[in-house]
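Which chain is which? The protein sequence lines are X and S, in order.
Going by UniProt numbering, the first residue of the first sequence is number 1, and it counts up by one from there.
Going by UniProt numbering, the first residue of the second sequence is number 1, and it counts up by one from there.
Warning: the hint list may mix true and false statements.
Stated by the list, open to error - The calculated label-pair distances, taken between Cβ atoms and stated as ranges, are:
{"hint": "1", "chain 1": "S", "residue 1": "K52", "chain 2": "X", "residue 2": "G67", "range": "43 to 49 Å"}
{"hint": "2", "chain 1": "S", "residue 1": "V38", "chain 2": "X", "residue 2": "G67", "range": "38 to 44 Å"}
{"hint": "3", "chain 1": "X", "residue 1": "I51", "chain 2": "S", "residue 2": "L41", "range": "44 to 50 Å"}
{"hint": "4", "chain 1": "S", "residue 1": "E176", "chain 2": "X", "residue 2": "P103", "range": "35 to 41 Å"}
{"hint": "5", "chain 1": "X", "residue 1": "T186", "chain 2": "S", "residue 2": "Y23", "range": "32 to 38 Å"}
To be verified - Below, a list of computed lysine-lysine pairs in the BS3-like style, where the Cα atoms sit at most 25 Å apart:
{"hint": "6", "chain 1": "S", "residue 1": "K191", "chain 2": "S", "residue 2": "K175"}
{"hint": "7", "chain 1": "S", "residue 1": "K84", "chain 2": "X", "residue 2": "K261"}
{"hint": "8", "chain 1": "X", "residue 1": "K261", "chain 2": "S", "residue 2": "K175"}
{"hint": "9", "chain 1": "X", "residue 1": "K187", "chain 2": "X", "residue 2": "K77"}
It should be emphasised that the hints constitute simulated quantities derived from the structure, not laboratory data.
All C-beta atoms in this analysis are idealised placements derived from N, C-alpha and C, irrespective of residue type, glycine included.
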Amino acid sequence: MSVTSVRRAGNRVFIAGVALLILWVLLPIWLLFVNALSAPAEVTGFPKRFIPSFDLASLSFFFGFSGVVDALWNSVKVAALTMILSIGVGAPAGYALSRFDFPGKETFRFLVVMTRAFPLPLLALPLAVMFIRTGLDDTITGLALVHTTLALPFAVLITFSLFSGIPLELEEAAWTLGCTRLQAFTKVILPLAAPGIAASAVFAFVISWNEVFAAAVLTIENRTLTAFLLQSIDVSPLPLKFAGGAALVLPALFFIFAVRKYLFAMWGIANR
Amino acid sequence: MPRLLPYLLLLPATAFLCLFFLYPFVQVAHDSVMRNGVYTLENFSRMAGHWKFSTAFWNTMILAAVVVPIQLAMALTMASIVTKLQRGRSTILYIFAIPLGISDLAAGLIWLSVFEQSGFLNSLLVGLGIVDRPILLLGYQNTWIIFIAIVLAEVWRATAIMMVILVAGMGLIPKEYGEAADVFGASRWQKFRRVTLPMLKPSLQTALILRVILAFEVFAVVVALGGTQLPVLMSETYHWQFAMQERGVAAAFAMVILGVSVAFTILILRLLHVPKGARV
Chain X
1 MSVTSVRRAG
11 NRVFIAGVAL
21 LILWVLLPIW
31 LLFVNALSAP
41 AEVTGFPKRF
51 IPSFDLASLS
61 FFFGFSGVVD
71 ALWNSVKVAA
81 LTMILSIGVG
91 APAGYALSRF
101 DFPGKETFRF
111 LVVMTRAFPL
121 PLLALPLAVM
131 FIRTGLDDTI
141 TGLALVHTTL
151 ALPFAVLITF
161 SLFSGIPLEL
171 EEAAWTLGCT
181 RLQAFTKVIL
191 PLAAPGIAAS
201 AVFAFVISWN
211 EVFAAAVLTI
221 ENRTLTAFLL
231 QSIDVSPLPL
241 KFAGGAALVL
251 PALFFIFAVR
261 KYLFAMWGIA
271 NR
Chain S
1 MPRLLPYLLL
11 LPATAFLCLF
21 FLYPFVQVAH
31 DSVMRNGVYT
41 LENFSRMAGH
51 WKFSTAFWNT
61 MILAAVVVPI
71 QLAMALTMAS
81 IVTKLQRGRS
91 TILYIFAIPL
101 GISDLAAGLI
111 WLSVFEQSGF
121 LNSLLVGLGI
131 VDRPILLLGY
141 QNTWIIFIAI
151 VLAEVWRATA
161 IMMVILVAGM
171 GLIPKEYGEA
181 ADVFGASRWQ
191 KFRRVTLPML
201 KPSLQTALIL
211 RVILAFEVFA
221 VVVALGGTQL
231 PVLMSETYHW
241 QFAMQERGVA
251 AAFAMVILGV
261 SVAFTILILR
271 LLHVPKGARV
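Let's have the full structure, built from the sequences with the hints guiding it.
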């Protein structure tokens with residue numbers, strides 16, 4: 001075989017590998033949606049078709065099931081609160097890390113990085129007691145506080161990398177033109193950092209939206225969708241599970257699409 | 001004022017982490033050695049004495065030992081592909097990254113649709129004439145199929161995290177190293193083995209630590225696919241906390257998970273140690 005034919009064969013193997021990996025990621029999601037978009041009788045029936053019948057009975061059964069709409073709404077509320085809290089608390093810290101050198105900076109970074117070496121959902125156990133004492137048990141706020149702990153390290157690290165990417169000179173120019181520090185920040189830095197901050201906010205939303213363990217431990221009446229699905233997993237019929245799964249997955253597809261440009265800023269800088 | 005400003009900006013985040021990260025860990029350690037108001041190791045002995053404990057412990061460990069190496073290999077392959085691509089790079093990266101946004105519970109349900117008795121795998125097997133009628137795949141008689149289903153779901157769901165970290169890491173490796181290897185006539189495999197892998201150590205370290213800790217936390221996937229038939233540490237923790245209302249024993253389980261997580265973090269840091277001067 002000549003060199004070119006070897007290379008061409010190699011390219012074909014490469015393309016086949018890529019196609020296989022794409023299929024590996026997408027096919028399972030497709031199968032879930034086939035189930036969610038088929039009638040309950042088809043979901044429990046046999047054999048399965050690999051194309052949905054676009055019957056909305058499963059979905060309407062799911063949304064009509066007692067507690068589901070509330071759980072969905074709770075999930076949205078917890079995730080939204082997590083998003084606001086983690087950006088509100090994390091962004092100032094990210095800005096401070098990127099702009100100032102001060103004693104204690106390394107200690108703080110160590111604290112943030114350390115959170116990644118611990119199984120954070122376990123925090124829910126002791127916090128359950130603390131929340132009962134403070135009246136935060138089984139509330140949206142209590143769960144959002146725990147989810148913020150999960151999202152905060154990412155919020156700090158991504159905003160740190162965002163602000164580091166904006167030249168200090170821009171800020172200094174604004175100062176010399178008579179802006180105060182705050183004005184320079186809101187008029188010059190914020191517009192530049194806004195898309196990245198939005199991306200890390202979306203990411204915080206996803207973390208909270210997907211979290212299962214802490215949600216299941218900390219909520220009883222005000223369950224989120226994940227807690228609802230988990231706690232009723234033994235008793236719920238298949239159509240309900242699959243429709244619920246689809247309801248969990250669909251927003252995630254959009255979220256990851258929205259933040260795809262910032263994935264590296266979020267995970268890549270975790271290296272340093 | 002300017003000297004105080006950074007501390008002011010850090011104050012909310014620090015306070016938050018102290019209150020909701022440091023304090024709960026002290027508290028959970030305290031709860032694990034406290035029973036009816038006295039310090040004791042009874043929680044641990046109750047935990048270790050329960051017949052499910054060693055099963056749960058070893059299930060968790062074996063799952064991690066099977067899942068993580070597969071994921072490492074796949075993540076390296078996917079990252080190499082993404083790095084090599086010229087056209088369609090962002091689309092393929094998006095597709096590869098999709099599972100990153102998917103909840104472990106949803107991933108469990110996705111693979112349940114494949115493995116349940118009237119599911120897609122049975123439909124395929126019957127359609128191809130391999131079996132005559134659908135078989136119960138996720139039953140207690142064949143726990144090994146449950147195990148395989150969990151491995152597939154975990155590999156499917158959580159490889160993306162490692163992939164993204166490794167893609168970012170590969171982007172940091174200076175092109176000159178690869179070019180130098182080309183000049184000396186290195187094959188693709190040699191280049192990968194001798195240049196990319198050693199240069200990738202810091203990213204490998206991060207990816208492995210994150211992934212191994214998440215592997216010890218495996219929970220919703222196991223519950224969705226196996227119910228209580230395949231106990232793992234996290235599902236036992238949940239069971240003791242919620243169903244048995246034994247907070248002390250749940251805390252003891254938490255300490256075990258915490259212990260193995262920290263031990264493996266240190267081990268990975270040691271094994272993949274990168275001397276300061278050798279960093280890019």
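Against which earlier hints does the structure fall short, listed by number upward?
-> 1, 3 and 9
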